[in-house]
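Sequences listed follow chains B and R, in order. Going by my numbering, the first sequence opens with residue 1, and the numbers climb by one from there. Going by my numbering, the second sequence opens with residue 1, and the numbers climb by one from there.
Rather than coming from a laboratory, the hints here were simulated on the basis of the structure. Every residue gets a Cβ at the ideal spot worked out from N, C-alpha and C, and that includes glycine. Mixed in with the good hints, there may be bad ones.
Below, simulated EDC-like cross-link-like pairs (lysine to aspartate or glutamate); rule was C-alpha separation at most 20 Å, straight line [stated by the list, open to error]: (1) Lys233/R to Glu72/B; (2) Lys316/B to Asp74/R; (3) Lys13/R to Glu72/B; (4) Lys196/B to Asp74/R; (5) Lys13/R to Glu135/B; (6) Lys286/B to Glu185/B; (7) Lys13/R to Glu268/B; (8) Lys181/R to Asp209/R; (9) Lys197/R to Glu135/B; (10) Lys397/B to Glu373/B; (11) Lys197/R to Asp273/B; (12) Lys197/R to Glu72/B; (13) Lys270/B to Asp14/R; (14) Lys196/B to Glu150/R; (15) Lys397/B to Glu72/B; (16) Lys316/B to Glu150/R; (17) Lys40/R to Asp74/R.
Some chain B residues flagged as far from chain R (calculated, every beta-carbon gap over 12 Å) [to be verified]: (18) Ile14; (19) Tyr73; (20) Lys113; (21) Ala146; (22) Lys196; (23) Thr197; (24) Ser198; (25) Gly202; (26) Asn216; (27) Ser250; (28) Leu251; (29) Pro252; (30) Ser274; (31) Lys359; (32) Gly371; (33) Glu383.
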Amino acid sequence: MMNLIIRNAKVIDIHSPHHNKTADILIKNGRIEQIAKNIQVPLNIKECKSKNTHISPGWIDMQAKFCDPGFEYKEDLETGLHAAARGGFTAVAILPDTLPVCDNKSGVDYLIKNAKENAVDILPIGALSAGMKGENISEMYDMHLAGAAAFCDAKKSTNAGLLMRAMLYAKPFGSLIMDFPLCKEVATTGNVNEGKTSTLLGLKGIPSVAEDIIVNRDIYLAEYCESPLHFMQISSVHALQMIKIAKSKSLPISCGLSTYHLLLTDEELKTFDSYYKVQPPLKTQKEIKAFIKAIKENIIDVLVSDHEPQHIENKKCEFDLAAYGIINLQTSFAIANTILRNEISVQQLVDLFCFNPRKILKQPIPCIKEGEEANLTVFDTNENWIFSENDIVSKSKNTPFIGQSFTGKVLGIYNKKQWIEN
Amino acid sequence: MNKLSVNHLLGIKDLIKDDIELIFNTADNFKEIINRPIKKVPSLRDITICNLFFENSTRTKLSFELAEKRLSADIINFSSSSSSVSKGETLIDTVNNILSMKVDMLVMRHPNAGAAAFLSRNVNATIINAGDGAHEHPTQALLDAYSIREKLGTLKDKNILIVGDILHSRVALSNIFCLQKLGANVKVCGPSTLLPKYISSLQVETETDLNKALQWCDVAMMLRIQLERQQIKYFPSLREYSMLYGLTLQKVNKLNKEILIMHPGPINRGVEITSDVADSKHSIILNQVENGVAIRMAVLYLLAGKTKPTATL
Numbered sequence: 001m002m003n004l005i006i007r008n009a010k011v012i013d014i015h016s017p018h019h020n021k022t023a024d025i026l027i028k029n030g031r032i033e034q035i036a037k038n039i040q041v042p043l044n045i046k047e048c049k050s051k052n053t054h055i056s057p058g059w060i061d062m063q064a065k066f067c068d069p070g071f072e073y074k075e076d077l078e079t080g081l082h083a084a085a086r087g088g089f090t091a092v093a094i095l096p097d098t099l100p101v102c103d104n105k106s107g108v109d110y111l112i113k114n115a116k117e118n119a120v121d122i123l124p125i126g127a128l129s130a131g132m133k134g135e136n137i138s139e140m141y142d143m144h145l146a147g148a149a150a151f152c153d154a155k156k157s158t159n160a161g162l163l164m165r166a167m168l169y170a171k172p173f174g175s176l177i178m179d180f181p182l183c184k185e186v187a188t189t190g191n192v193n194e195g196k197t198s199t200l201l202g203l204k205g206i207p208s209v210a211e212d213i214i215v216n217r218d219i220y221l222a223e224y225c226e227s228p229l230h231f232m233q234i235s236s237v238h239a240l241q242m243i244k245i246a247k248s249k250s251l252p253i254s255c256g257l258s259t260y261h262l263l264l265t266d267e268e269l270k271t272f273d274s275y276y277k278v279q280p281p282l283k284t285q286k287e288i289k290a291f292i293k294a295i296k297e298n299i300i301d302v303l304v305s306d307h308e309p310q311h312i313e314n315k316k317c318e319f320d321l322a323a324y325g326i327i328n329l330q331t332s333f334a335i336a337n338t339i340l341r342n343e344i345s346v347q348q349l350v351d352l353f354c355f356n357p358r359k360i361l362k363q364p365i366p367c368i369k370e371g372e373e374a375n376l377t378v379f380d381t382n383e384n385w386i387f388s389e390n391d392i393v394s395k396s397k398n399t400p401f402i403g404q405s406f407t408g409k410v411l412g413i414y415n416k417k418q419w420i421e422n
Numbered sequence: 001m002n003k004l005s006v007n008h009l010l011g012i013k014d015l016i017k018d019d020i021e022l023i024f025n026t027a028d029n030f031k032e033i034i035n036r037p038i039k040k041v042p043s044l045r046d047i048t049i050c051n052l053f054f055e056n057s058t059r060t061k062l063s064f065e066l067a068e069k070r071l072s073a074d075i076i077n078f079s080s081s082s083s084s085v086s087k088g089e090t091l092i093d094t095v096n097n098i099l100s101m102k103v104d105m106l107v108m109r110h111p112n113a114g115a116a117a118f119l120s121r122n123v124n125a126t127i128i129n130a131g132d133g134a135h136e137h138p139t140q141a142l143l144d145a146y147s148i149r150e151k152l153g154t155l156k157d158k159n160i161l162i163v164g165d166i167l168h169s170r171v172a173l174s175n176i177f178c179l180q181k182l183g184a185n186v187k188v189c190g191p192s193t194l195l196p197k198y199i200s201s202l203q204v205e206t207e208t209d210l211n212k213a214l215q216w217c218d219v220a221m222m223l224r225i226q227l228e229r230q231q232i233k234y235f236p237s238l239r240e241y242s243m244l245y246g247l248t249l250q251k252v253n254k255l256n257k258e259i260l261i262m263h264p265g266p267i268n269r270g271v272e273i274t275s276d277v278a279d280s281k282h283s284i285i286l287n288q289v290e291n292g293v294a295i296r297m298a299v300l301y302l303l304a305g306k307t308k309p310t311a312t313l
């Protein structure tokens, strides 16, 4: 049972009486015992101290893959959860495309039970269709009772009829339906953004319209079903404009953006480096500007890591044959803070990592006040650091960020009576 | 300048104008040599080259093989119609196995864009890209530009038209880079479904009317319709393609000027070009083939000279 004193931390929690105030926070037996200036504690108590410490309720990553069961050589629950903890997350929503697919109660049970003792909770996302085959809706109610936090077919865009049935079916028990917007018929075999870079490289590009038409379609479906819908990752300017209009009409639409899309552009692909092969593909500076604007206007609700471990053999090969994805749980906050620190407030950043995903997934919102159970993330928004290979705790090392300088670092998380220091 | 600025020939994109000039000047010498009664020189003696073809090829492979033989290199050939991955062996493993047999240079054709660049970063050998997916086919572009230079004296300010499936064509892309580096203007023509949407970002103009485009050009480069590379239909039929974009003698005769007509081969006679045009005085198709050997000899010679400076002409 870890007792902890966090020194001089600025509390970022609008529900707390200590919001925006700087104080010491003493945690004993898993509860916040005291929040005050200069708390005196015995020497043997663990201390967390940094120059520009902030504290907020525990963050949630809404989109990661732990590859367990089925692909444990890439990642397993233990290493994935460790990466999440080091990245500042006290809960992670896991995509269902494991082997077998998480499309039933026992799949959900497996994830929840195995994370029970861990400082980080798993929020399983159940498959929307049985076997993720895109045909019939899965046993969503049973999975919901077992603890599934939402439903989607991972990064397989759902056909219109199935998506409509899923939204209608899940509505009475309030489960969230998510979609990955990509029109397969338009994207065909494309694997990078269609633009100057794809033209230069002779790679098949995916036009942004492949995302736009699905977003447009899905908004109409959500309006018809009067049901919430979450777009897992948005990467197109037009799609953001449509979501903005939908939100202005108070339609229950939300969307996510992967943090690496704030930092990387498709120009990184010029050497055919498969570490930059991601889905949706990397875009251009024009989109990055639009993403930042959309974050400021609250059109983008959540930032996700889109953590996708891949074995070296799936990356060290010809670009077309390489698998998608980068590991990003440990770097997600650092990227966001580095890019957004002069654009939005720390409060807004915490909204994107904590409050918004909690609201969208209907998860309890912990509070930083005395007597509350401690479920919190501690971070420094000014610390400069360089991500190195030794920092990686995932089984896979498919990240383009080794050697990258960041501003802003997670100091640790406290949850379920455990302190995991970064 | 007597050395290339690059250690591999992965694409024209990586070359500077001086590299291209050097290759052309070296090719001039080799062209003279291959027209002698004794066509062989000892330049690449003791150099072993593997022709690694993961995709079908007839003329490029023959042309490289002949160029290598004329330079006295030792040659081994590896052909596989499918990618090595489908057999369970990675490309790097396949190549490292070959290199363990003391091979110095690799000429590789591969169905995936970037395969040559990927290989160059992961194995210890000189790589010549003989075509990688829809990316580049640098020796084809070099021989095309060389052939134009031979006929017109210079590429500078010449209007070169490329007609056909630009979307899937590595020949078009390499030619765009090569011709532009040499000062030519490039326009592409074909059905809109086969023109990359962002081709204008490469300072290339597009035209969908072949007759208008022909009026503009000094050279028309007709590309082969590569049905095997198209997973979906981009035009309804070869008949209709030919109606719109096939080069006929009637279209050529309507022009009140002489133009050069080129084709990288193999020709689909009656589709992108009719026989009477392909065999006409305007056509330099067979010159291209002949120059291909000289250009490939020049490239092999110059790259071998970077790693084994003893190679002499």
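Return the numbers of the hints above that this structure violates; sort them in rising order. 1, 2, 3, 4, 5, 6, 8, 9, 10, 11, 12, 14, 16, 22, 23, 24, 25 and 30
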